[in-house]
Amino acid sequence: MKTLAVAQGVAWRTLHNVFTNPSLLIPSIVFPLFFFTAFAGGLSRVQNVPGFGFPDGYTAFQFVFVLLQSAAFGGVFTGFGIARDFESGFARRLLLAAPHRSGIVLGYGVAALARWAVTVSVLTAVAFAVGMHVGGSGVDLFGLYALGLILNVAALLWACGVAMRFRTMQAGPVMQMPVFLVLFFAPVYVPLSLLQGWIHGVAVVNPLTRVIEAGRGFLAGSPTEVGAAFGAAVALVLGFSLWALRGLRKAEAAG
Amino acid sequence: MHAFADQVYLLARRSVVRTARQPANVISPLLFPMLLLAVNAGGLKAETRLPGFPTTSFVAFALAVPFIQGALFATMNAGTDLARDIQTGFLNRLTLTPMRRLAVLGGQLGGVVTMGLVQAVVYLSVGLAVGVHVKAGPLGILVLLVFAVFVALGFGAVGALAALRTGSGEAVQGLFPVFFVFLFISSMNIPRNLMEITWFRDVATANPVSYLLECVRSLVITGWDGEALALGFGITAAITVISLAFASWALKVRMAR
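Quick mapping for you: the protein sequence lines, in order, are chains A and B. Sequence positions in the first sequence follow numbering that gives the first Met the number 0 and run 0 to 254. Sequence positions in the second sequence follow numbering that gives the first Met the number 0 and run 0 to 256.
Fair warning: there could be bad hints in the mix.
Residues from chain A that face chain B, not an exhaustive set, calculated with beta carbons under 8 Å [said to hold, decoys possible]:
1. 42
2. 43
3. 47
4. 49
5. 52
6. 113
7. 197
8. 198
Some chain B residues flagged as far from chain A (calculated, every beta-carbon gap over 12 Å) [what the hints assert, rightly or not]:
9. 17
10. 23
11. 180
I should point out that these hints are in silico values taken from the structure, not numbers from a laboratory. Glycine residues also receive a C-beta, built at the ideal position from the N, C-alpha and C atoms.
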């Protein structure tokens with residue numbers, strides 16, 4: 000019960016900060032829209048490449064990537080807030096005041112989810128407004144958003160672990176760059192089968208490839224690699240939970 | 000004239016040393032564009048199979064992007080360094096000396112131009128190492144390096160203008176997403192004639208960044224294309240002259256305060 004109370008307090012404060020500060024809120028909403036526009040608008044001709052074979056068009060193909068990217072970066076942006084809390088000294092006071100400190104991580108996780116819920120609502124509304132075609136049913140779409148949700152939590156836990164170890168905003172690139180690389184080492188612009196050379200080899204072993212391909216399968220109404228995708232996403236959450244909790248212990252030890 | 004040259008040299012040396020002493024300012028502009036090139040060259044290789052695509056090597060097509068992306072970093076570095084000089088009072092102290100306005104600007108941009116040249120050499124070397132053949136030959140490589148220097152100077156002047164108008168490093172950093180939008184809504188990843196969505200093609204056509212990219216691309220892929228070169232150098236000259244004029248005016252205003 001005390002853990003939930005701590006989580007509630009941390010989540011409320013984080014969300015209050017984000018939603019009352021345009022410089023924090025606007026980029027997290029605008030950037031996914033911008034990537035969606037740049038990729039779906041500029042590269043739509045790519046769907047004419049022989050062997051592309053995604054039935055719902057390039058807009059839907061890119062929507063899935065941008066949705067999952069927004070989920071991951073929603074978690075990372077919340078991690079920036081954790082680092083900022085350490086820099087300002089707030090997090091240290093929080094560590095002193097919280098009876099169950101794991102509630103702090105839980106609270107940041109809830110805030111990351113709520114923050115992404117707003118971003119993904121806007122992104123989805125824009126995608127439908129520009130005529131995105133969806134082949135999947137409601138259940139399929141639920142699968143897509145569930146994957147996004149799990150990815151959001153995984154990215155938050157990764158960023159949280161980094162923030163609690165470094166306790167400075169200067170660790171921003173350490174949180175952001177690996178997520179950026181892992182996302183872009185997946186089949187971003189074309190299906191996995193059309194990738195060639197070294198990037199194909201990297202994409203095959205990249206766990207996010209399974210998540211992105213399954214997401215596209217959900218949107219097209221032909222689910223594929225569902226077990227592998229959810230398995231990879233849940234494994235990331237479990238692994239990064241340990242990473243974040245050990246980070247919390249290091250922050251406690253640092254005082 | 001001799002005194003003016005001395006003033007520019009001293010400030011340029013300071014600017015170069017300061018840039019070199021900040022690893023983040025040296026490594027990021029070299030590493031990040033190369034990472035994006037690697038990712039895009041791998042991910043979009045299939046695009047070369049589209050009818051009408053100008054080359055069979057996507058790396059050759061995409062090599063233009065790091066040149067312009069590196070210039071965006073130059074903008075941020077020039078602006079942030081000048082803003083720091085304003086915030087720390089260094090610029091105020093300069094106003095007590097007989098230093099000329101143009102020398103202050105020229106000197107401040109010295110580090111950016113040097114970094115722009117280093118970046119261009121690195122990008123080009125990586126491109127050549129992975130098998131890109133510059134169609135315009137050795138003279139084309141020289142023109143490419145000169146263009147990279149001009150682009151760095153032009154964008155650096157934009158950064159300096161932003162710093163002089165706002166006096167804040169944070170405000171200059173805030174410009175980065177705006178410049179990034181210009182880069183992405185251009186012919187960065189696909190030739191304009193192959194863009195399917197009409198409004199996107201129109202925006203890319205109106206976007207000056209497209210012509211900067213196409214200038215570099217023409218030397219690498221096509222050979223000597225007078226129109227692409229004239230547009231690229233013309234737009235860069237316009238950006239440089241306008242930004243330097245406004246930056247000089249902004250510096251005059253700031254020095255008068």
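These are the hints, each one checked on the structure:
{"no.": "1", "hint": "42", "result": "holds, 6 Å"}
{"no.": "2", "hint": "43", "result": "holds, 5 Å"}
{"no.": "3", "hint": "47", "result": "holds, 6 Å"}
{"no.": "4", "hint": "49", "result": "holds, 6 Å"}
{"no.": "5", "hint": "52", "result": "violated, 12 Å"}
{"no.": "6", "hint": "113", "result": "violated, 23 Å"}
{"no.": "7", "hint": "197", "result": "holds, 6 Å"}
{"no.": "8", "hint": "198", "result": "holds, 3 Å"}
{"no.": "9", "hint": "17", "result": "holds, 19 Å"}
{"no.": "10", "hint": "23", "result": "violated, 9 Å"}
{"no.": "11", "hint": "180", "result": "violated, 6 Å"}
Against the hints set out earlier in the document, violations occur for numbers 5, 6, 10, 11.
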